[in-house]
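Q: If you read the protein sequences in the order shown, they are chains A, B, C and D.
Residue numbers for the first sequence follow this note's numbering, so the first one is 22 and each next one is one higher.
Residue numbers for the second sequence follow this note's numbering, so the first one is 22 and each next one is one higher.
Residue numbers for the third sequence follow this note's numbering, so the first one is 22 and each next one is one higher.
Residue numbers for the fourth sequence follow this note's numbering, so the first one is 22 and each next one is one higher.
By construction, these hints were calculated from the structure, which means they are not laboratory data.
The reader is advised that the hints may include incorrect statements.
Unchecked claim - Below, in silico cross-link-like pairs of lysine-lysine (DSS-like), each with a Cα-Cα straight-line distance of 25 Å or less:
| id | chain 1 | residue 1 | chain 2 | residue 2 |
| --- | --- | --- | --- | --- |
| 1 | B | K240 | D | K148 |
| 2 | D | K148 | A | K261 |
| 3 | D | K240 | D | K58 |
| 4 | B | K207 | D | K240 |
| 5 | C | K240 | A | K207 |
| 6 | C | K64 | B | K148 |
| 7 | A | K240 | A | K131 |
| 8 | B | K57 | B | K42 |
| 9 | B | K261 | C | K131 |
| 10 | B | K207 | B | K58 |
| 11 | B | K131 | C | K64 |
| 12 | C | K261 | C | K64 |
| 13 | C | K148 | C | K261 |
| 14 | D | K207 | A | K131 |
| 15 | B | K240 | B | K229 |
| 16 | B | K207 | C | K229 |
| 17 | A | K207 | B | K207 |
| 18 | B | K261 | B | K57 |
| 19 | B | K207 | B | K261 |
| 20 | C | K261 | D | K229 |
| 21 | B | K207 | B | K64 |
| 22 | A | K148 | D | K261 |
| 23 | D | K229 | C | K207 |
| 24 | C | K207 | B | K207 |
| 25 | A | K207 | D | K127 |
| 26 | D | K207 | B | K148 |
| 27 | A | K261 | C | K64 |
| 28 | B | K127 | C | K131 |
| 29 | A | K148 | C | K261 |
| 30 | D | K229 | D | K42 |
| 31 | D | K127 | C | K148 |
| 32 | C | K127 | B | K131 |
| 33 | C | K148 | A | K240 |
| 34 | C | K229 | C | K240 |
| 35 | D | K58 | D | K229 |
| 36 | B | K127 | C | K42 |
Said to hold, decoys possible - To give a feel for the contact side, a few chain A residues facing chain C, derived at Cβ under 7 Å:
| id | residue |
| --- | --- |
| 37 | G138 |
| 38 | D139 |
| 39 | S157 |
| 40 | G163 |
Every residue, glycine too, gets a C-beta built ideally from N, C-alpha and C.
There are 4 protein chains.
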Amino acid sequence: MIRITVWNEFAHEQEDPDIRKLYPEGIHGAIADFLKKSGEDFKVRTATLYDEECGLTEEVLNETDVLIWWGHMRHYLVPDEVVNRVFEHIQNGMGLIALHSAHQSKIFEKLMGTISGDLKWRETGDKEILWCVDPSHPIARGVGEHIILEQEETYGEHFRIPTPDELVFISWFSGGEVFRSGCVYKRSRGKIFYFRPGHESYPTYYNKQVQQVIINAVKYVYTPAEEVPYGYGMVESVLK
Amino acid sequence: MIRITVWNEFAHEQEDPDIRKLYPEGIHGAIADFLKKSGEDFKVRTATLYDEECGLTEEVLNETDVLIWWGHMRHYLVPDEVVNRVFEHIQNGMGLIALHSAHQSKIFEKLMGTISGDLKWRETGDKEILWCVDPSHPIARGVGEHIILEQEETYGEHFRIPTPDELVFISWFSGGEVFRSGCVYKRSRGKIFYFRPGHESYPTYYNKQVQQVIINAVKYVYTPAEEVPYGYGMVESVLK
Amino acid sequence: MIRITVWNEFAHEQEDPDIRKLYPEGIHGAIADFLKKSGEDFKVRTATLYDEECGLTEEVLNETDVLIWWGHMRHYLVPDEVVNRVFEHIQNGMGLIALHSAHQSKIFEKLMGTISGDLKWRETGDKEILWCVDPSHPIARGVGEHIILEQEETYGEHFRIPTPDELVFISWFSGGEVFRSGCVYKRSRGKIFYFRPGHESYPTYYNKQVQQVIINAVKYVYTPAEEVPYGYGMVESVLK
Amino acid sequence: MIRITVWNEFAHEQEDPDIRKLYPEGIHGAIADFLKKSGEDFKVRTATLYDEECGLTEEVLNETDVLIWWGHMRHYLVPDEVVNRVFEHIQNGMGLIALHSAHQSKIFEKLMGTISGDLKWRETGDKEILWCVDPSHPIARGVGEHIILEQEETYGEHFRIPTPDELVFISWFSGGEVFRSGCVYKRSRGKIFYFRPGHESYPTYYNKQVQQVIINAVKYVYTPAEEVPYGYGMVESVLK
């Protein structure tokens, strides 16, 4: 069983009727919903900015194998203490899936070591086509060679991230941009997957292929608990 | 001084008047021309499929620091003996710049260890935009964040190459495709740069930014002669 | 179920009584034995240089998900036709585990695109310690932070391979050398794992940790059959 | 000309007579000295923890192309404000060479996105041999295939760093450990080189090969000023 916590900033849905109409249970609700119905051995809970400690207490994180993160306008409201707690758990093996504008979240920037918020963007409803550049990657399994999203926010390079450990998808936008849209990183024992699509004003998280990518990614960034602890610090020679 | 040999299949230009008109001195001639005028410390020669031993004798390769390769329809006419000779020189440090349809050349496939000929393609004069995804890479120096080519042959993913050691450019095509267009590999001491643009029917090699990329790439894939030879084979313990 | 074929040159065991004593059923027999007893859902067969077509006919390869390769002195006796057949299957998703001196086999060199036979070596019974440098990598699972082999053949850098896509183990030798001992590559749909230990004159393949690495690696290089075939060749625009 | 600032914590040399004897002008003084005498076009200055603002004011960083960092016991005394300032400059292209225990400095951990302070260590004067695993890498130029240091502090894996973009050296220690000792990273426009050797109680920075590596690294992590600024933020379509 993989224990998933879906975290959402949950601001747009409460403040904008059009977006509430699109995601009546919040983006977190929509994501939790398809994860629960996936047929996979997942246990899913949600948390938002409006929960105490962002809903990411030590207890919750101790019971989380994979954290999914959606945020956009209120990154600055996530307390550093919560960010540091999440960071520690990732170092120890918790997986992270950072969606869309989570590229600018405190936790993603802290993991990247760059100003990963930097990129080009435009909200003009461009068509997006995500092309898979690694067909046998587990995250691409069953998805097919491309995902077509009729309308999305455009993101464009240069995206200020370190070179991904694994690059799975590259996006094409009708306005002329390309973007590294599916990027895997490892930080200590924790795996991270950044996945670009999912602007709040489009029904992206209802797309079956997008859902499949996220389901696959949950399984990919899941790291089983450490069986044989590694030693750190002062040691005697292994030859003795 | 960097000694460059520009190799060209040189078939289209001799067989098709339109292409001869575009590249009257051959594609190799056009490339050699801008390299000579670059102001860099380059010594440039050319060779073609129609020269004896493809113009790539041991003597020529001994005097070549960087080999530029353009081929398309006649890959199969390059003798294996010549391919093996080029391969050995690359292993020992000769740089290779594989242009456009050279992705399917014997030498490039031999270096990749894949069926790198596999990709999507279409000759419909799509617009191509190459986006730089590594702004401070030496190959991108002075080029700017994108190169717009009004018309080019389209190449599309999936491109059956190993994950590049360094990915510098990603192309956008107006017909909906993306492509990893600027890829660096190292094989033993030799550096390789694959650069996508340059279909024979378009004036791509007259584009100043394309020229700048190739000039930069020559300098980047150049490896100075080995100063301190490395040992291989049976050895005594280094502790003795 | 993962269908495994263990291939062995099977020369030392037939020609040298000491080695026959160590591996009475051949190295392939010893490896097949622990794979069968692993408790995993494996179906295991073996093949050797002395079988017709090296035991690697189209039929056998069609029924092989993962090929394990051990060879040393007779690489040159494997026909190019067999090598090319194995190469094609790897491109299409068959996994390969290349053990020890298989670094110099025709198939491994063809996949690497380098003279991967080049390295330092010495048969003086040095102690080898393999250190894991990627603790949460699936290939290292349950192995612990190091494997100590009291006696092994020494391999030393520089090892003429491309930069691994993933580096899992680095070896230490008592004579002063280090070596990149656990290297993952992808070539088209096929995954490759090179694993250094296993000289014929030492009981390395009876070591439980070495066995665990090979069992893990079988699962890691296994690629399920392609579900959604990708298109290659001439295409129409995806926008139509 | 490359403008270098050598930063040193400068605590051991002031507090321990033995170390002062070894490095009478401080480790920064010793490093600055060989850089000045290198014959390269370098302009060298130094700064320490005991200078105001650690000697790393905006003015100094504006005039610094490459920053070399040595620190050990007093990482916590470097103010976050200084760390953030250095971080910003690296994002914009300043190179960083992190030496030895700088793996645990605030700036290096911030760039890595991991708890890079974690590793094994032992001060027993083990012999260290650094093996080059990328012979034609510019940082290895003229160094030869190994560097032997008769006595050094031992560092051992697992070293909690992200997979290096480029791995140049691997260390062997007589007590049985290995370590990834020469690691290149890129963060936005800035290049970073981590180089392991240089414990304060050994004369490591007087070793000619170690000096050559640092001289080469200065040239390698140097990024020329951006010629063609890249755009970030909201953009119009490039097609218009």
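Q: If a hint holds in the structure, say so; if it does not, say that too.
A: Hint-by-hint comparison with the structure:
1. K240/B x K148/D: This hinted pair is violated, its Cα atoms lying about 38 Å apart.
2. K148/D x K261/A: Given that 25 Å is the threshold and the Cα spacing comes to 16 Å, the pair holds.
3. K240/D x K58/D: Measuring from Cα to Cα gives roughly 15 Å; hence the hint holds.
4. K207/B x K240/D: holds, 20 Å
5. K240/C x K207/A: holds, 20 Å
6. K64/C x K148/B: Roughly 51 Å between the alpha carbons, so the hint for K64/C and K148/B is violated.
7. K240/A x K131/A: holds, 23 Å
8. K57/B x K42/B: The given pair, whose Cα atoms are some 21 Å apart, holds under the 25 Å limit.
9. K261/B x K131/C: violated, 36 Å
10. K207/B x K58/B: violated, 28 Å
11. K131/B x K64/C: violated, 33 Å
12. K261/C x K64/C: Outside the cut-off at roughly 46 Å; violated.
13. K148/C x K261/C: Violated. K148/C to K261/C sits at ~63 Å, over the 25 Å cutoff.
14. K207/D x K131/A: holds, 15 Å
15. K240/B x K229/B: Within the cut-off at roughly 17 Å; holds.
16. K207/B x K229/C: violated, 36 Å
17. K207/A x K207/B: holds, 24 Å
18. K261/B x K57/B: violated, 52 Å
19. K207/B x K261/B: violated, 33 Å
20. K261/C x K229/D: violated, 64 Å
21. K207/B x K64/B: holds, 23 Å
22. K148/A x K261/D: Holds. K148/A to K261/D sits at ~16 Å (cutoff 25 Å).
23. K229/D x K207/C: Outside the cut-off at roughly 39 Å; violated.
24. K207/C x K207/B: Holds, because 15 Å separates the two Cα atoms, which is no more than 25 Å.
25. K207/A x K127/D: holds, 20 Å
26. K207/D x K148/B: Roughly 31 Å separates the two Cα atoms, so the pair is violated.
27. K261/A x K64/C: violated, 41 Å
28. K127/B x K131/C: OK: K127/B and K131/C at ~13 Å, within 25 Å.
29. K148/A x K261/C: holds, 13 Å
30. K229/D x K42/D: The given pair, whose Cα atoms are some 19 Å apart, holds under the 25 Å limit.
31. K127/D x K148/C: violated, 38 Å
32. K127/C x K131/B: holds, 13 Å
33. K148/C x K240/A: Outside the cut-off at roughly 38 Å; violated.
34. K229/C x K240/C: holds, 17 Å
35. K58/D x K229/D: The hint holds at about 12 Å.
36. K127/B x K42/C: violated, 45 Å
37. G138: At about 28 Å, which exceeds the 7 Å cut-off, the nearest Cβ of chain C leaves the hint on G138/A violated.
38. D139: violated, 27 Å
39. S157: holds, 4 Å
40. G163: With Cβ-Cβ at 5 Å, under 7 Å, it holds.
When the structure is compared with the earlier hints, violations turn up for hints 1, 6, 9, 10, 11, 12, 13, 16, 18, 19, 20, 23, 26, 27, 31, 33, 36, 37 and 38 and for no others.
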